[in-house]
Every structure is written in C-alpha cells, then in structure tokens.
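S.K.: Sequence lines, in order, name chains A and B.
Add 1 to a position in the first sequence, counting from 1, and you land on the number used in our numbering.
Add 1 to a position in the second sequence, counting from 1, and you land on the number used in our numbering.
What the hints contain is simulated information worked out from the structure, not anything from laboratory work.
Some hints could be false.
For chains that are exact copies, the list does not tell them apart, and a pair is met inside one copy or across any two.
Claimed, not checked - Derived pair list, reagent style DSS-like, types lysine-lysine, alpha-carbon separation capped at 27 Å:
(1) 292 x 7
(2) 7 x 38
(3) 178 x 7
(4) 235 x 7
(5) 39 x 252
(6) 252 x 235
(7) 252 x 105
(8) 363 x 235
(9) 39 x 105
(10) 39 x 235
(11) 302 x 252
(12) 363 x 252
Number of protein chains: 2
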Amino acid sequence: MAFDQKQMRIPGPTPVPHEVAAASARPMVNHRGPVFKKVMMDVLERLKPIFQTQNTILALTGSGTSAMEASVANLVNPDDEVLVLVGGTFGERWAKICRAYQAKVHVLDYTWGEGADPAQIADFLRRNPRTVAVFATHNESSTGVLNDLEGIGAAVRESGALLVVDAVSSLGGVELKTDAWGIDVVCTASQKCLMAPPGLAFLSLSQRAEQRVFEVSSPRFYFDLRVYLEWLKKHEPPFTPNISCFFALEKSLSLIESEGLGSVFARHLLLRDMVRAGLQALDLPLLVEDKWASPTVTAVKPGFSDIGRFLAALRETGVELAGGQGRLAGQIFRIGHMGSAAPVDMLATLAAIEAQLGGGGKAVSAAEQVWNRARQGKHVGGQGSEGHFI
Amino acid sequence: MAFDQKQMRIPGPTPVPHEVAAASARPMVNHRGPVFKKVMMDVLERLKPIFQTQNTILALTGSGTSAMEASVANLVNPDDEVLVLVGGTFGERWAKICRAYQAKVHVLDYTWGEGADPAQIADFLRRNPRTVAVFATHNESSTGVLNDLEGIGAAVRESGALLVVDAVSSLGGVELKTDAWGIDVVCTASQKCLMAPPGLAFLSLSQRAEQRVFEVSSPRFYFDLRVYLEWLKKHEPPFTPNISCFFALEKSLSLIESEGLGSVFARHLLLRDMVRAGLQALDLPLLVEDKWASPTVTAVKPGFSDIGRFLAALRETGVELAGGQGRLAGQIFRIGHMGSAAPVDMLATLAAIEAQLGGGGKAVSAAEQVWNRARQGKHVGGQGSEGHFI
Chain A
2 MAFDQKQMRI
12 PGPTPVPHEV
22 AAASARPMVN
32 HRGPVFKKVM
42 MDVLERLKPI
52 FQTQNTILAL
62 TGSGTSAMEA
72 SVANLVNPDD
82 EVLVLVGGTF
92 GERWAKICRA
102 YQAKVHVLDY
112 TWGEGADPAQ
122 IADFLRRNPR
132 TVAVFATHNE
142 SSTGVLNDLE
152 GIGAAVRESG
162 ALLVVDAVSS
172 LGGVELKTDA
182 WGIDVVCTAS
192 QKCLMAPPGL
202 AFLSLSQRAE
212 QRVFEVSSPR
222 FYFDLRVYLE
232 WLKKHEPPFT
242 PNISCFFALE
252 KSLSLIESEG
262 LGSVFARHLL
272 LRDMVRAGLQ
282 ALDLPLLVED
292 KWASPTVTAV
302 KPGFSDIGRF
312 LAALRETGVE
322 LAGGQGRLAG
332 QIFRIGHMGS
342 AAPVDMLATL
352 AAIEAQLGGG
362 GKAVSAAEQV
372 WNRARQGKHV
382 GGQGSEGHFI
Chain B
2 MAFDQKQMRI
12 PGPTPVPHEV
22 AAASARPMVN
32 HRGPVFKKVM
42 MDVLERLKPI
52 FQTQNTILAL
62 TGSGTSAMEA
72 SVANLVNPDD
82 EVLVLVGGTF
92 GERWAKICRA
102 YQAKVHVLDY
112 TWGEGADPAQ
122 IADFLRRNPR
132 TVAVFATHNE
142 SSTGVLNDLE
152 GIGAAVRESG
162 ALLVVDAVSS
172 LGGVELKTDA
182 WGIDVVCTAS
192 QKCLMAPPGL
202 AFLSLSQRAE
212 QRVFEVSSPR
222 FYFDLRVYLE
232 WLKKHEPPFT
242 PNISCFFALE
252 KSLSLIESEG
262 LGSVFARHLL
272 LRDMVRAGLQ
282 ALDLPLLVED
292 KWASPTVTAV
302 KPGFSDIGRF
312 LAALRETGVE
322 LAGGQGRLAG
332 QIFRIGHMGS
342 AAPVDMLATL
352 AAIEAQLGGG
362 GKAVSAAEQV
372 WNRARQGKHV
382 GGQGSEGHFI
C-alpha cells in the first residue's frame with residue numbers, strides 16, 4: 002500500500018491547510034466586479050505587514066520566477082551593468098534572466114552552502130560604481146542557506162544601486178524587513194510560507210524602483226509593471242488573475258495573522274533546529290553550518306550514494322522530500338519545513354527517515370529534546386513567545 | 002438582500018462546476034513527483050482532441066495573455082514583418098504585444114462587430130511576401146464575433162507565413178480544427194470553455210512553429226518555449242505550475258468528454274440562439290449579425306445610455322454581465338454563454354434582464370421556443386445529437 006504524501010516536506014509547494022484549500026474552491030467571481038476588487042485589495046494590503054513594508058505590492062499570475070523576470074524586465078535596460086550574487090540554482094536563475102535581457106552581468110559567486118559576504122559586495126560596488134542593480138537571494142533553497150540580507154542591504158545602500166531580492170522561499174516564514182533594510186524589490190510566491198497553492202507571485206516596489214520602471218525600455222507586456230501600477234489605481238488587475246489563489250490567501254493570511262508573525266518566525270526556527278538535531282543524531286552530514294542554516298529548508302549530504310532510491314522508498318511511506326538541484330543533483334536531499342508545518346510533522350518526518358536508515362529512535366528523541374526546551378521557553382528562536390503550533 | 006452571482010454570465014472567467022472546484026481543492030503534491038507528472042501529461046494529452054491536433058501542447062502558469070506573449074516572444078524577431086487582424090480589443094492586444102517585441106506590425110483592421118475577410122488577408126500576403134506570421138483572433142470576445150478561421154487558415158497557408166490564433170474564448174466550446182485548418186499556434190486558457198479557474202494558459206505548436214522557436218532571439222525566460230519543450234521530455238514543467246488548476250482540468254475535461262465534444266459545440270450554438278432570440282424579443286439591438294454571431298458571447302447595443310447602472314441593478318439580483326471594452330466601453334453590454342452553461346441558465350439570465358426592462362415574459366418565451374425546437378431535433382446547431390444539458 003502506498004500513501005499519498007502524508008508529509009509533503011519539499012521546499013515548496015508546501016501543504017495547503019484544508020481550510021485554505023476549501024476557501025480556494027469558493028464559487029468563481031467576475032475579476033472586474035466589486036467582490037474581487039475587495040478581495041484583491043484586501044490581500045495586497047494584508048501582505049504589507051508580512052513584507053514589513055509601506056511600498057506598493059503587485060500581484061502577477063505566475064510562478065515565483067514570473068516576479069523575478071518582471072523585476073529584471075522593468076529595472077534593467079540592455080547593456081546595463083548588474084551584480085548577481087550566486088550561491089545556488091536560484092542565484093543562477095537571476096543571472097540567466099539578466100542575461101536573457103542582455104544586461105552586462107557581473108557574478109559574485111559565493112560557496113554553495115554558505116552565505117554571501119556583505120563586505121565583498123560593498124567592495125565590488127565601490128570598484129564598479131556604474132552597477133544599476135544588485136540581485137540577491139534571501140533564502141537559497143537549493144542549498145538551505147539564509148543570507149544576511151540586512152548586511153547585504155547595508156552594503157548595497159552605500160552605492161545607490163537598486164537591491165532586488167528573491168524571497169520566494171523565505172517571505173512569511175523568516176524575518177525580512179523590506180523597508181528597514183532598504184530593499185527596493187522583494188519577490189515572493191503564494192506556494193511557500195504563505196501556505197496557498199502555486200500560481201500567484203508578488204513583488205514590492207520602493208519609490209525609486211517604481212520610478213525606474215517608467216524609465217526602462219526592455220520589451221515586455223505581460224510583465225509590464227507600468228500597466229499593473231496603472232490598473233491598481235482602479236483596484237483591478239490588468240489580466241485575468243488567479244482568483245482561486247486570492248481566495249486561498251484570504252484564508253491563509255488569517256492563519257498567519259492569528260498565529261502572529263513573531264510566533265510564525267519562532268516556529269520556523271524551532272522546526273529547523275528540530276530537523277537539524279534529528280539528522281545530526283543519525284550522523285547525517287548537514288550541508289550548511291549553523292551560522293547560515295535556513296529556517297525553511299535543510300539540505301543533507303548523506304554518505305550513501307543512491308539518494309533517488311532513498312527518496313523513492315520514503316515516498317512509499319508517505320513522506321515526500323526533495324533531491325538536489327544543479328551541481329548538487331544526486332549529492333544531497335532536502336527537507337522543507339515551511340508554511341503549514343508543526344513540530345509533530347518534523348517528528349513524523351524524522352521518524353520515517355530513521356525507519357529507512359535504522360536509527361532506532363535517536364533522531365526523534367533529539368528533535369523532541371529541542372521541542373521540549375522550546376516549550377520551556379528556552380528556545381533561542383522563541384524569544385519567550387509561543388505560537389499555537391508549539 | 003444582494004445575491005452572490007447566481008448567474009455569472011461574463012465572457013470569462015466562467016462558473017466553475019462544483020465538482021471541478023472540489024477537485025481543485027485536492028491536497029497539494031510535489032510538482033516534481035510521479036503524481037503530478039501523471040496529472041500534467043494526462044491533461045495535456047486529453048486537450049489534444051479538443052484542440053483537434055496532433056501537435057505538442059504546452060502549459061504556462063499565467064492568464065491567456067501569457068500564452069499570447071509566449072507566441073510572439075518565440076516566433077518573432079525584432080524588425081520581422083507581421084500581420085495582425087484587429088476587430089476588437091483582443092486583436093489590439095496582439096498588435097500591442099508584437100510592438101512590444103519590436104516587430105514591424107501591419108494591421109488589417111476589420112469592422113468591430115464583423116469578421117475579418119480571408120480574401121483581404123490573402124491579398125495582403127501576396128503583396129507582402131516577407132510577412133513571417135499572421136496573428137488572428139478566433140472569437141473576438143470584445144464584440145462577440147466568431148471569425149471564419151477555416152477561411153483565414155486557407156488564406157494564410159498559401160503565403161507560408163505562420164498562423165497564430167487567440168482561441169482563449171472559443172476553444173472547447175466552438176469547432177476549431179487546428180490541424181485541418183493549418184493553424185500553427187493556438188492559444189487558450191483554463192477559465193473559459195474549459196470550465197476551470199483562471200491561472201493556466203495553453204498553446205499548441207506545429208512542427209514548423211516548434212522549429213521557429215529555436216531560431217528566434219527575442220529576450221525571454223519565463224516564456225522561453227525552448228525550455229518548456231526540453232522539460233516536457235521529462236514530463237515536468239520548468240517552473241512551479243498551477244497544480245490546483247491542473248486538478249480542476251482533470252475533472253472538467255471529464256465533463257466535456259462525457260457530454261461529447263459535438264454535443265458541447267451544439268449546446269453553445271443553442272445557448273447563443275436562445276440568447277439572441279430573447280434579446281431580439283425585447284427589441285434590444287444586437288451588435289453582431291447572425292453571420293458572425295459568436296457561440297460563446299453576445300454583445301448588445303441598447304438604446305439606453307446608462308449601461309453601468311443597468312449592470313449594477315442586474316448584479317443586485319444575482320446576474321453578473323459584462324460591459325464594453327475599449328472603444329465600445331459604455332456603449333454595449335455582453336452576455337457570456339460558454340463553459341458551464343445550460344439552457345435554463347439562459348432563461349434565468351433573460352428573465353432577469355426583462356425584469357429590469359419590463360419585458361413581460363417575451364424574452365423568456367422566445368428563448369423557450371428556440372430550446373423547444375432544438376429538443377425536437379430541429380436546431381441547426383444540434384445536428385441531431387443532444388448534449389446532456391439539452
């Protein structure tokens with residue numbers, strides 16, 4: 002008997018809570034009528050505290066990549082010099098998109114499994130003052146690294162370049178202070194920490210990014226943010242939007258609001274620490290050291306070689322994990338712990354992993370200890386607040 | 002008391018049948034796992050008989066416009082000469098996208114409210130042999146015109162130009178013989194005759210269109226069909242897709258299959274004829290004469306001036322219709338009769354319209370007569386077959 006993804010623990014899409022899925026199935030409405038206008042404006046407004054911004058937020062019907070491409074198409078002219086920080090496949094994606102738009106792309110490679118160094122970025126920008134934009138990845142989900150975005154923001158601010166951030170696998174699960182850290186564009190998507198199905202992407206635009214949108218000549222139509230900004234004044238999207246996903250977000254944002262953003266962040270840190278403790282108890286080498294460890298996804302570089310077979314065997318038990326991407330394909334596996342994920346889910350996932358590897362309870366026990374310390378208020382991420390999952 | 006869109010009769014999104022909405026709310030799955038691969042390939046395969054094609058069909062997560070832009074971005078180089086047929090806002094959209102990609106755009110304007118003339122197209126192409134592609138609209142939903150696509154196909158075939166068709170508001174409700182009529186690219190979307198929520202777009206590519214994709218240099222990334230074709234070999238999408246909408250389509254395609262495509266087309270013709278008969282009984286002038294009348298949407302150019310107030314009053318009764326677009330804004334209203342729509346829905350919609358205008362039953366009675374003739378096998382669209390809605 003095969004079980005259907007009882008634990009879907011990949012780095013997105015994440016499990017959609019049943020009340021969110023039910024909301025998404027609400028009867029269809031006119032995207033130009035008053036009902037949808039209200040839903041859309043409500044969702045965009047309620048995303049602002051999660052983005053921690055006063056900036057305009059726009060919605061695109063597409064995957065997270067659509068928001069990334071819209072950023073490039075609207076901020077970069079052919080032959081513009083840009084800096085791209087690359088430490089995994091999502092950093093590489095920024096570089097590919099920038100090259101597709103014929104920018105002069107400078108790549109700052111950082112080690113896959115570590116974060117980018119703000120001092121290096123500041124140094125590059127001092128030596129290359131014509132750089133118009135820096136493209137960064139907040140959470141590099143191909144490696145499980147959370148970058149020091151506050152530090153990157155400070156490094157870029159000095160130079161005057163725009164800072165554009167892929168926060169697809171972090172926003173809503175991890176602290177991200179868009180305005181305080183000076184981030185001009187933050188891109189994210191519906192299907193990660195926001196707990197909705199895939200199919201909507203969002204981006205926030207600072208005032209100077211908004212100005213820049215009107216100065217750029219790169220070809221675009223579906224991604225032409227000038228048109229989105231114009232239609233937003235009427236509380237309408239320019240093209241037929243993913244209405245069901247907006248319905249889903251109305252509900253999933255309520256879940257985040259009722260848990261409280263601080264508790265959501267603390268929960269993600271707890272889940273990360275439980276997973277890491279459990280894996281270490283099984284002597285499974287983690288790809289990323291504590292300093293850079295992502296609160297939303299953990300990568301493991303195990304001793305055994307046939308990771309595909311391991312993941313297939315786990316899938317049969319109802320636990321869905323992810324393999325490696327790009328140059329890490331076949332070398333790592335990844336556990337997603339973002340969005341709708343509770344401590345008991347981590348125990349179940351770890352228990353399934355150790356059932357495959359013969360851990361004899363060590364992983365679950367180690368994770369339990371982390372959880373217990375958190376419940377006693379000793380978890381560093383918890384900061385004394387307890388989310389309703391904890 | 003206000004009623005929530007009991008009759009959502011706009012030209013898309015269309016009402017989502019409750020079993021389709023329920024299917025869309027099924028638990029989320031890994032888009033790189035075996036469950037989703039099977040769903041995606043199943044949906045793409047089952048679309049082929051509806052497209053009436055053996056060509057490759059690709060799915061994009063986006064609105065119908067995303068498939069239109071992908072066609073342009075992958076088939077047109079800057080400075081290429083293209084012909085765009087414009088008889089409404091969706092023809093204008095083709096022209097705007099082609100201009101955004103810096104093509105040399107020739108526009109063949111045809112009267113808003115009539116179809117394009119194949120002879121004129123053939124004539125243009127004889128005089129402009131360097132035209133690389135012709136962009137046409139099958140069903141111009143801004144006016145309610147169904148173009149003679151077979152004739153357009155024959156006119157274009159002589160010239161060797163590619164024929165690219167926006168079939169967003171026709172495919173699945175109206176006969177469209179992609180292969181027999183020689184159409185290189187057919188674009189459509191999930192939220193019209195296919196009865197699913199918005200958020201997926203599809204396009205079919207003929208062999209020579211597929212070749213052309215690899216020869217074009219226009220900047221694109223999310224819309225780069227080379228990448229979609231490559232990933233399709235692995236039965237995977239390149240970017241996180243709208244998984245829920247694929248689940249919805251699995252179910253909505255079953256509804257179409259069990260009704261039978263011929264019956265579905267006959268039903269749309271019947272609905273059109275019922276609506277037109279009812280409106281004419283109220284002395285409401287139709288924008289389009291019988292010859293060009295769309296089976297999926299009907300435009301009315303009423304004598305009264307405040308159409309906005311009329312539509313708002315109808316909305317209060319639970320009937321959602323659409324206004325005009327572009328140069329027809331404020332001059333017409335439009336009734337959608339596509340996808341999940343039955344004869345009784347047309348009666349309800351007409352009854353609500355005549356309740357506003359004081360028709361005293363004339364509209365419903367005229368539509369009933371059309372329906373009764375169809376049930377007696379006398380309806381021309383029915384061709385002897387009876388769909389389960391009839």
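S.K.: Next step is simple, just say for each hint if it's right about the structure.
M.R.: Comparing the hints with the structure gives:
no., hint, in the structure
1, 292 x 7, "neither (31 Å within a copy, 56 Å between copies)"
2, 7 x 38, "between (36 Å within a copy, 18 Å between copies)"
3, 178 x 7, "neither (34 Å within a copy, 43 Å between copies)"
4, 235 x 7, "between (43 Å within a copy, 25 Å between copies)"
5, 39 x 252, "within (14 Å within a copy, 29 Å between copies)"
6, 252 x 235, "within (24 Å within a copy, 35 Å between copies)"
7, 252 x 105, "neither (42 Å within a copy, 47 Å between copies)"
8, 363 x 235, "neither (58 Å within a copy, 38 Å between copies)"
9, 39 x 105, "neither (42 Å within a copy, 40 Å between copies)"
10, 39 x 235, "within (11 Å within a copy, 41 Å between copies)"
11, 302 x 252, "neither (37 Å within a copy, 40 Å between copies)"
12, 363 x 252, "neither (37 Å within a copy, 45 Å between copies)"
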